[in-house]
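Student: Please put together the full structure from these sequences, using the hints given.
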Amino acid sequence: MKNYLLRTSVVVAAASVMLSACGGAAPVGTTTASAGLYEFDEQAAAVARAESLGHACVFDGVEVRYDFPQARVDGCEQREDGTIVVMTGPENQPINPSPWYAFQVVAAEPQTVALEVLALERGRARYNPKVSTDGASWQDIEHSKSDHSIYFSLDVGPQPVWVAGQEMFGNDDYWQWVDGLAREYELRRFTIGYSAQGRQMPALVSYGSGDEWLVLIGRQHPPELTGAMAMRAFVEEMLSEGAEFLDRYNVLIAPNLNPDGVALGNWRHSTGGLDLNRDWFDRSQPEIAAVHTYLQQIVAEGGDLVYGVDFHSTWRNVYYTMPVDYVARESTFSQEWLQRLGAAVPYEVEEQASAAPGRGIFKQYMADEYGVHSVTYEVGDETDRGEIDTTARAAARVLMQYMLER
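So for the sequence shown, this note's numbering puts the first residue at 1; every next one is plus one.
Hints are supplied without guarantee of correctness; some may be wrong.
To be verified - In silico SDA-like cross-links for lysine to any residue, where the CA-CA straight-line distance does not exceed 20 Å:
id: 1; residue 1: Lys130; residue 2: Val106
id: 2; residue 1: Lys130; residue 2: Glu167
id: 3; residue 1: Lys130; residue 2: Leu154
Claimed, not checked - Restraint-style ranges between C-beta atoms, simulated for each label pair:
id: 4; residue 1: Lys145; residue 2: Ser284; range: 34 to 42 Å
id: 5; residue 1: Gly157; residue 2: Ala56; range: 15 to 23 Å
id: 6; residue 1: Ala300; residue 2: Val324; range: 27 to 35 Å
id: 7; residue 1: Pro94; residue 2: Asp41; range: 30 to 38 Å
id: 8; residue 1: Glu301; residue 2: Tyr326; range: 26 to 34 Å
id: 9; residue 1: Glu369; residue 2: Pro110; range: 54 to 62 Å
id: 10; residue 1: Val299; residue 2: Arg65; range: 43 to 51 Å
id: 11; residue 1: Ala48; residue 2: Asn128; range: 45 to 53 Å
id: 12; residue 1: Glu330; residue 2: Glu387; range: 51 to 59 Å
id: 13; residue 1: Gln139; residue 2: Arg79; range: 23 to 31 Å
If you're looking for bench data, these hints aren't it; they were derived computationally from the structure.
Just so it is clear, CB atoms sit at the ideal spot from N, CA and C, and this is done for glycine as well.
Tutor: Below you can see the structure in the form of structure tokens.
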């Protein structure tokens, strides 16, 4: 399979052509895949978006800021009782009601402020607030909820305090992560395609000795940070502990399929206004078209796509699989892997099998396009972070062992 190294530039070119055909902008502020650098100025883009919104979010010396990547504020007001209301609205509709929010609060003098995060339109209070003083270390904060609002108090002062629906991990973080893995494990790091706004989509490939492939993807839905945590732990465990597995199998790792939505703090969609995990058959969005192009090339060059894992977040931990009678090839693959995982961790492993022909979900696409099983690996929004890490690392070890026994 050495020719994959030679043809990566062709894949990127094809993805860029697809982007133009789908009406996306040409790549802006980016370099070629071979240059190995991410040069999109996310901070400048965030400032421009904040300026275009033009909200006046300053009340009695307290300012709400949203001029940074992943920020989401769609309006501010102050109630008669002094509560500052920070609003978040959907990027478009219809949409899954999972409102993301992220902002900073700063005050001229130390004080305690009452805050309400209000989800507009179809939003409902899903993500519990987290706070940080540096944007890196986060902690839960006491709060209450109604259908559409979250209420809490915050001690603020001249040093900005970050507030977000989950811990934040953005486009620059992904590139630092994949660059570090590429250097440490001598992997192929490249741009698998471009988003509608021209952001690069990072990818890694670990090459094995044969034609068999494992496909790992993530972040189709921007706010789903616990799924991203699981994917990072899963990948790191696989690379650090999977020498025998990696000697046999090729692994494609595409961790950030919706970089526009991540940067803009979208609730769920891409800037094309669609749920990317409903576009795998239409492939109308450049992000999905780019990954499809790469997978098609793998198959065209004799590659065998064996299995896929798509990382997400929802209300609880659950693994969505295809029914055993839907895909004839290794019909119990997912079930046997998850049974082994359940025996390896002290946590419940819940599997739900279902088919959705024509719906455009990745696992359905893998079944119908390539005749193989895959799983939607869902992590609960409030699952203990230690549990996420422990389970994901065990999932990687168990999957590798199972696949070595095939």
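Student: Decide, hint by hint, whether the structure agrees.
Tutor: So, going through the hints one by one against the coordinates:
Between Lys130 and Val106 the CA atoms are separated by roughly 16 Å; this keeps the pair inside 20 Å, and the hint holds. Between Lys130 and Glu167 the CA atoms are separated by roughly 7 Å; this keeps the pair inside 20 Å, and the hint holds. Note on Lys130 and Leu154: the hinted pairing holds, with a Cα-Cα distance of about 11 Å set against a maximum of 20 Å. The beta-carbon spacing between Lys145 and Ser284, approximately 36 Å, falls within the hinted interval of 34 to 42 Å.
Look at Gly157 against Ala56: about 21 Å separates their beta carbons, and that is inside 15 to 23 Å. A hinted range of 27 to 35 Å for the beta carbons of Ala300 and Val324 is consistent with their spacing of about 29 Å. Checking the proposed 30 to 38 Å range against Pro94 and Asp41 shows it holds: the Cβ atoms sit about 32 Å from each other. Take Glu301 and Tyr326: their Cβ atoms lie about 27 Å apart, and the range 26 to 34 Å holds.
One distance hint, 54 to 62 Å for the beta-carbon pair Glu369 and Pro110, holds here, with the actual separation near 58 Å. A hinted range of 43 to 51 Å holds for the C-beta pair Val299 and Arg65, which are about 47 Å apart. Taken as a hint, the range 45 to 53 Å is violated for the pair Ala48 and Asn128, whose Cβ atoms sit roughly 30 Å apart. Under the hint 51 to 59 Å, the C-beta atoms of Glu330 and Glu387, about 29 Å apart, miss the expected range.
Distance hint check: the CB atoms of Gln139 and Arg79 are about 26 Å apart, consistent with the given range 23 to 31 Å.
Consistency note: the structure conflicts with the earlier hints numbered 11, 12.
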